[in-house]
Amino acid sequence: MPNNDALRLYKTAHIDKALDDPNVAHLTISHDKVISSQSLPGLNVIPKEIKDGVDIKIVLEEGVVIKNPVHMCFGMLKQEGVQRIILDIDIKPKASIFVIAHCIFPDAVKVQHLMNGKIKVGEHASYTYLEKHIHADSGGVEVVPKARVMLSDYARFKTDFELLQGRVGKIEIDYETICLAHSVMEMTAKINGSGDDVIKINESALLEGEGARGVLTSRVALRQNARAEVFNKIIATAPFTRGHVDCKEIVQDKAIASATPIVEVRDPKAHVTHEAAIGSVDSKQLQTLMSRGLSEEEAVALIIQGLLS
Amino acid sequence: MSVLTLKNISLTLSDKKILHNVNLEFLPGKIHALVGPNGAGKSSLAFTIMGLEGYRKFEGDIIFKGESLKDKSIDQRAKLGITLAWQEPARYEGLTISSFLEAAYSPEKGFKPEEALLKSGLAPDLYLKRAVDKTLSGGERKKVELASILAMMPQVVLLDEPDSGIDIESLERIFDAIKILKKRGSTVILITHSLKVLEHAEDAFLLCCGHLMEKGSGHSMCRYFKGKCMPCDHQNMPEADDAK
Ligand SMILES: Nc1ncnc2c1ncn2[C@@H]1O[C@H](COP(=O)(O)OP(=O)(O)O)[C@@H](O)[C@H]1O
Ligand SMILES: [Mg+2]
Numbered sequence: 001m002p003n004n005d006a007l008r009l010y011k012t013a014h015i016d017k018a019l020d021d022p023n024v025a026h027l028t029i030s031h032d033k034v035i036s037s038q039s040l041p042g043l044n045v046i047p048k049e050i051k052d053g054v055d056i057k058i059v060l061e062e063g064v065v066i067k068n069p070v071h072m073c074f075g076m077l078k079q080e081g082v083q084r085i086i087l088d089i090d091i092k093p094k095a096s097i098f099v100i101a102h103c104i105f106p107d108a109v110k111v112q113h114l115m116n117g118k119i120k121v122g123e124h125a126s127y128t129y130l131e132k133h134i135h136a137d138s139g140g141v142e143v144v145p146k147a148r149v150m151l152s153d154y155a156r157f158k159t160d161f162e163l164l165q166g167r168v169g170k171i172e173i174d175y176e177t178i179c180l181a182h183s184v185m186e187m188t189a190k191i192n193g194s195g196d197d198v199i200k201i202n203e204s205a206l207l208e209g210e211g212a213r214g215v216l217t218s219r220v221a222l223r224q225n226a227r228a229e230v231f232n233k234i235i236a237t238a239p240f241t242r243g244h245v246d247c248k249e250i251v252q253d254k255a256i257a258s259a260t261p262i263v264e265v266r267d268p269k270a271h272v273t274h275e276a277a278i279g280s281v282d283s284k285q286l287q288t289l290m291s292r293g294l295s296e297e298e299a300v301a302l303i304i305q306g307l308l309s
Numbered sequence: 001m002s003v004l005t006l007k008n009i010s011l012t013l014s015d016k017k018i019l020h021n022v023n024l025e026f027l028p029g030k031i032h033a034l035v036g037p038n039g040a041g042k043s044s045l046a047f048t049i050m051g052l053e054g055y056r057k058f059e060g061d062i063i064f065k066g067e068s069l070k071d072k073s074i075d076q077r078a079k080l081g082i083t084l085a086w087q088e089p090a091r092y093e094g095l096t097i098s099s100f101l102e103a104a105y106s107p108e109k110g111f112k113p114e115e116a117l118l119k120s121g122l123a124p125d126l127y128l129k130r131a132v133d134k135t136l137s138g139g140e141r142k143k144v145e146l147a148s149i150l151a152m153m154p155q156v157v158l159l160d161e162p163d164s165g166i167d168i169e170s171l172e173r174i175f176d177a178i179k180i181l182k183k184r185g186s187t188v189i190l191i192t193h194s195l196k197v198l199e200h201a202e203d204a205f206l207l208c209c210g211h212l213m214e215k216g217s218g219h220s221m222c223r224y225f226k227g228k229c230m231p232c233d234h235q236n237m238p239e240a241d242d243a244k
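As they're listed, the protein sequences go chains B and X.
In case it helps, our numbering puts the first sequence at residues 1 to 309.
In case it helps, our numbering puts the second sequence at residues 1 to 244.
Hint data in this document are derived by calculation from the structure and do not stem from the laboratory.
For each residue, glycine too, the CB sits at the ideal point set by N, CA and C.
Take the hints with a grain of salt, since some may be wrong.
[To be verified] Rough simulated footprint, nothing fancy, chain B against chain X, three-plus residues with beta-carbon under 8 Å:
1) 44 to 56
2) 76 to 89
3) 181 to 188
[Claimed, not checked] Keeping only pairs whose Cα atoms sit at most 25 Å apart, straight-line, the calculated DSS-like set for lysine-lysine is:
4) X/K30 <-> X/K196
5) X/K16 <-> B/K284
6) B/K48 <-> B/K120
7) X/K16 <-> B/K158
8) X/K79 <-> B/K284
9) B/K248 <-> X/K129
10) B/K284 <-> X/K17
[What the hints assert, rightly or not] Here are the in silico distance ranges between beta carbons for each label pair:
11) X/S14 <-> B/T273: 33 to 41 Å
12) B/S309 <-> X/G54: 28 to 36 Å
13) B/S295 <-> X/N21: 29 to 37 Å
Given these sequences and hints, build the entire structure.
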């Protein structure tokens, strides 16, 4: 029977039902304590408690396909403190897994969540990772997720980062991926900032193997005094690689946004593109919705909701 | 009694006079056509009626059901019962067709999103969850726009070039939807450059170089398409243009 902290985390993440199923693997960490853990055959989850956090090793054995999403819950129910998560993920060849990480800081006044991930996706293996943040409305969270990702030949890696509930506080994403031959990488970050939130996104992909493909997508909506800086970089060094950087930021009130896409090609048979759009809501989109009877505020909210969905 | 009256509308954009003293009356429940060559000012007139950004400073007045629209914002005009469908409808990102239709839906007057889609010729099962984005074809996008108007069921609908970028089969669906609007008592204003669309209109107005040149039945205005713009000799062969 899960304890009260666990229950609150599950309920906030809306996963209390999913975890009743014994075929759903999960791991719940409240501050620096492992409060529940469920592995599955072929999926080894080995957490070790450290000072202010947990060091987690996850190994998915060769050829093992995990059908249900695996839920990881990283929570801090206290108002203050540091949570350090060290993640070492090793997806062996031909294995496949979908992990949803729920990062929950509902009462944060001064909370730091530091994540350091090392991810290896083996040949023909697939790793999908969705990280969803639920923060306090006061913005007292600082989130610093770092990941170094290595994709072997024909590996697939898809990651989505969502910070749409509660105030951002401060966030500094730093993801770096190396893509070997014919691997596919899709990295998306969606963040809704307001107040005095500060957002930094730093994502890069090195397309090093022939035929590797990568897309970096950022969607940021800012209001009030929020600030965002997005640095997206794709470097293609091998033939037949394809890369695309796509950044959209909607800015309202006194918010400030910047986007710095860097694309670099070191092989004449490689092809990398980028697009960035920063500014107010598109006026035709806005006026269409207003011509159907929505107020300006309602129309903007709907457009932003779509963009971040 | 007209539902919408334009009184001496003149519009100047970047020092260029676009509309010259246009007087027009639109009757309740009728299908009207506003015809004229490219650049005549048809879209500008529609944008002025809707009150779009950049089209709010004009001379004259627009009276809707006895009330001046002059100082009203787009959403205020919409709430009173006017809407506009652009020639090239906006595309969004992530916004589902379902949410888009729900946003326009008026429970008292309009069709529920599913019904509205169906009546515009799109299967709800296939479309409700899709986004109103780049992945829709031009024809599909126009049908979604019409569905949102059926969900809103306003009193006056301005349709800017409803046939542009549309195949013949889809055009029939669009005419079906227009008939539904009429049946429900809406006034439809078709802005067009095409004889096929004009044939569906009961009343027609001819605009040329920002001047209202002629009013008449839809049928009588068809002759204007046969070669020259009858009243002003302006060379105009829309059917030939369309064929290009
Ligand atoms: N913002 C603008 N500034 C200056 N001229 C404009 C502007 N918008 C439209 N026009 C001009 O107004 C005229 C009428 O345009 P429009 O209303 O789009 O015609 P139609 O819809 O009949 O083809 C054209 O000559 C066009 O170039
Ligand atoms: Mg036009």
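Of all the hints given earlier, name the ones this structure violates by number, lowest first.
3 and 7
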